[in-house]
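Asks: So you can see what is in the structure, the chains are spelled out below.
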Amino acid sequence: MRFLLRRLGFFVLTLWAAITLNFFIPRMMPGDPVSAMKARLSHGGHVVDVEQLRAMLQQFGFDPGKNIAQQYVEYLRNMVTGHWGVSIGGTLGAPVTKLIGQALPWTLGLVGVTTLLAFLLGTFVGIIAGWRRGGFLDSVLPPMFVVTSALPYFWVALLLIVLFANGPHALLPNDNNYDIGLTPAFTGPFIVNVLKHAVLPAATILITAIGGWILTMRNNMITTLGEDYVRMARAKGLSNRRVMMGYAARNAFLPNLSGFAMSLGFVIAGTILVEYVFNYPGLGHMFYSATISTDYPLLQALFLLVTLAVLICVLLCDFAVFLLDPRARAKG
Amino acid sequence: MTTLLVDPNVATNELPARRRGGLWRAVRGNRKAMVGAGLFLLFCLLAAFPHLFVPWQHGDPRDIGDIPLLHPSAAHWLGTTGLGQDVYAELIYSTRESLIIALVAGFGATILSVLIGVSAAYLGGVADDVLSALTDIFLVLPTFPLIIVLATFAGKGNLVVVIVVLVVTGWSYGARQMRAQGLSLRNRDFLTSAKVRGERRSYIIVMEMLPTMSSLIVANFLGAALYSVLTAAGLQFLGLGDPSSLSWGTMLYWAQNQGALASGFPAWALAPGLAVAALGVSFALLNYAFDEISNPALRPIRRSRVKRAHS
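Protein sequences appear in the order of chains A and B. Going by this note's numbering, the final residue of the first sequence carries number 1524, and the count climbs one at a time with no gaps. Going by this note's numbering, the final residue of the second sequence carries number 317, and the count climbs one at a time with no gaps.
Treat the hints with care, since some could be wrong.
Claimed, not checked - If you only want the chain B side, here are some residues facing chain A, beta carbon under 8 Å, derived:
# : residue
1 : P56
2 : L58
3 : F59
4 : V60
5 : P151
6 : L152
7 : V155
8 : V287
Said to hold, decoys possible - Beyond 10 Å from chain B on every Cβ pair, some chain A residues (computed):
#  : residue
9  : L1364
10 : F1382
11 : R1426
12 : M1437
13 : L1449
14 : P1473
None of these hints come from the bench; they were simulated from the model. Keep in mind that this is a model prediction, so the values were computed, not measured. For every residue, glycine included, the Cβ atom is placed at its ideal position computed from N, Cα and C.
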């Protein structure tokens, strides 16, 4: 129980750190947000008056008149209660929560599913490669996946576009989540269209992500196979499959599971780049456009959300380790 | 992702290389290490003497050229950009900045992770708790979005900003490994004897502990350098670097901006990315090979060597 409580404490602490970073970064940067924003917003012809801006910034927690501790407390309260302010970028005035709500399902569907798939598939291949030491998989895979795991996401994306989605007779579409003009509905053609648009981004994530899992799992497997309990399982005459899955893989999987939670940061970096290249209207793409239009509230809300997502995954992995590993339970 | 290649469990039960000759022989005998080292050496040459590889290039490769949008030919091996710059010359000259970012940021991140990880392990107690919590927080915070947020507020980053940001966000994984390794060393006899001799703490850490951790430190540096190459290229590709700098990421940014792919110039759009990938691969191969050298269990099994001898 203590183990879980400690992890929960870590969850709260990190979330607090993220919110605090969010609060202080714009305030530490040089320049006054009101004038900077006025210059930017008045750029396109429509002039925004200072009072309007001030009101907008106030909603977002910027109030130069108040002292910083008071602002900070208010900001914390707003973040926790879901008052994340309104967008001040290209989608002026739209509530940030609504914008995120529109993009979230696409990213979850594309990146969430692909990442999980890469992890499970990679782990499985790694188990087999490590088990059949010196076999075909074991001699071919490691060098190959060292290479794929070092490829930049966006380059793989560009390469796939060149190969499959370039020119007038392209095999697959290279942007958006579905053809423009289609109305979203749960019909066969629409779902096929969505899947078609997801193939290349998903392949990009899969290609770059799977190598790391195969390699770490293979190495863990090899280390575990040298343990005495594996030898004992063999000596007891257990079936190969039983030794492989129940004795070696089960233990080798644990470090991989904690590694999975830690790697989500890389997944997010990949998401931003992949969605940018494929113009896929998910959170990553939104992050990019918020950067370009210096949409602070949206940017901060996205950062918070992403941190929250990673933390929840870390917590889930901790629970899983707790369930799978009797040693963690005994310690706790 | 690739920094995960160095498995903490593997790292803790390795033995340091005893003789320099032994390490060199191990590198020589490892095909992955040789390929990685060869690639790395090539990039060093490109960075140091770019003019040797493009002798016909006079002046800045960024200067606007005569004929824009040429397809690859004998005169322009990789074609020209929308502004008539020769893609091949730009590619060669860009090596320097990309390599500098990788090495400096990798070096900085490694130093930071050694400092924090080893101090946490050696000091123990409250200091350890605080430093470990800090490490874990940095490990979990999504760094790429954080970098983007920072770069947005700080204005478009020049080289120094990019490197500082990479160091600040890239140290945590290494620090965790350093701490684990440091903890396993803590109660060894040679450290106790140093303590009994009355050596200072700083002496014990620097002269007694660090040398035994050298292979982990090297692995860490390679991982951090790989992270820096990929992240810096990604940042510049998104337009968050200095758009007038000469680097692969910036080349990619302009290629993307001027629609290189859509208008049918795959060489222009893909070549800089291939260079990033090749540099990344060289670090990853070296890293993986070091893992194999320090942990013999991971080495390819003899069968492949027999096959190689016959072929």
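Asks: The structure should be examined with respect to each hint, and the outcome stated for every one.
Replies: Okay, the hints, checked on the actual structure:
{"no.": "1", "hint": "P56", "in the structure": "violated (22 Å)"}
{"no.": "2", "hint": "L58", "in the structure": "violated (26 Å)"}
{"no.": "3", "hint": "F59", "in the structure": "violated (22 Å)"}
{"no.": "4", "hint": "V60", "in the structure": "violated (23 Å)"}
{"no.": "5", "hint": "P151", "in the structure": "holds (5 Å)"}
{"no.": "6", "hint": "L152", "in the structure": "holds (7 Å)"}
{"no.": "7", "hint": "V155", "in the structure": "holds (6 Å)"}
{"no.": "8", "hint": "V287", "in the structure": "holds (5 Å)"}
{"no.": "9", "hint": "L1364", "in the structure": "holds (14 Å)"}
{"no.": "10", "hint": "F1382", "in the structure": "holds (26 Å)"}
{"no.": "11", "hint": "R1426", "in the structure": "holds (17 Å)"}
{"no.": "12", "hint": "M1437", "in the structure": "holds (20 Å)"}
{"no.": "13", "hint": "L1449", "in the structure": "holds (12 Å)"}
{"no.": "14", "hint": "P1473", "in the structure": "holds (17 Å)"}
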